[in-house]
Amino acid sequence: MRNQKLKEVLSSDSTVGDLAGVMKEALGFIKESGKEIKSDPFSSTKKHYVYGIKGLAKLLGASSSTAQRIKSSGVLDAAISQNGKIIVIDADLALDLLRISNKNWGRKYFK
61 MRNQKLKEVL
71 SSDSTVGDLA
81 GVMKEALGFI
91 KESGKEIKSD
101 PFSSTKKHYV
111 YGIKGLAKLL
121 GASSSTAQRI
131 KSSGVLDAAI
141 SQNGKIIVID
151 ADLALDLLRI
161 SNKNWGRKYF
171 K
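According to my numbering, the residues represented by the sequence shown are 61 to 171, in order.
Be aware that one or more of the hints could be misleading.
Okay, the calculated beta carbon distance ranges per label pair [to be verified]:
1) Tyr109 to Met83: 31 to 37 Å
2) Ala138 to Val76: 15 to 21 Å
3) Glu68 to Leu158: 45 to 51 Å
4) Gly112 to Gly77: 39 to 45 Å
5) Leu79 to Leu158: 37 to 43 Å
6) Ser161 to Tyr111: 19 to 25 Å
List of simulated lysine to any residue pairs, SDA-like, C-alpha gap at most 25 Å [claimed, not checked]:
7) Lys131 to Tyr111
8) Lys107 to Ser124
9) Lys107 to Thr75
10) Lys118 to Asp150
11) Lys131 to Ser161
12) Lys118 to Leu155
13) Lys107 to Lys145
14) Lys114 to Val135
15) Lys114 to Gly134
16) Lys118 to Gly134
17) Lys107 to Gly77
18) Lys107 to Val135
19) Lys118 to Leu157
20) Lys106 to Leu155
21) Lys131 to Asn162
No lab work stands behind these hints, which were simulated from the structure alone. Bear in mind that the values here come from a model prediction, so they are computed numbers and not experimental data. By construction, the Cβ of each residue, glycine as well, lies at the ideal position given by its N, Cα and C atoms.
Sequences are here, hints too, so could you generate the full structure?
The following block contains the structure:
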């Protein structure tokens, strides 16, 4: 049914709005009944956190001493929240920061 609507819109003289409506319906943003879906089906709103040095070590696949060294280097400061002994790390942000850090590392030494 969706393919038939798309073919009709493409074959006839239709507006960009008609095409956008058919595409939204095909991608799942609008149900066939015409009601809009409030949430984006492609986004994940659930955060993934790890706790402590052992959690960071498990996330990175490294030893706890290596995880402590990476934490102390300051690379992950934006992803780490610490209150006393309790450490909470946003896993997705930490992995992104490490990915960026690894890209910049080679440029610093090989100019």
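Practice prompt. Check each numbered hint from earlier against the structure, then list the numbers of those it violates in ascending order.
Written response: 2, 4, 9 and 17
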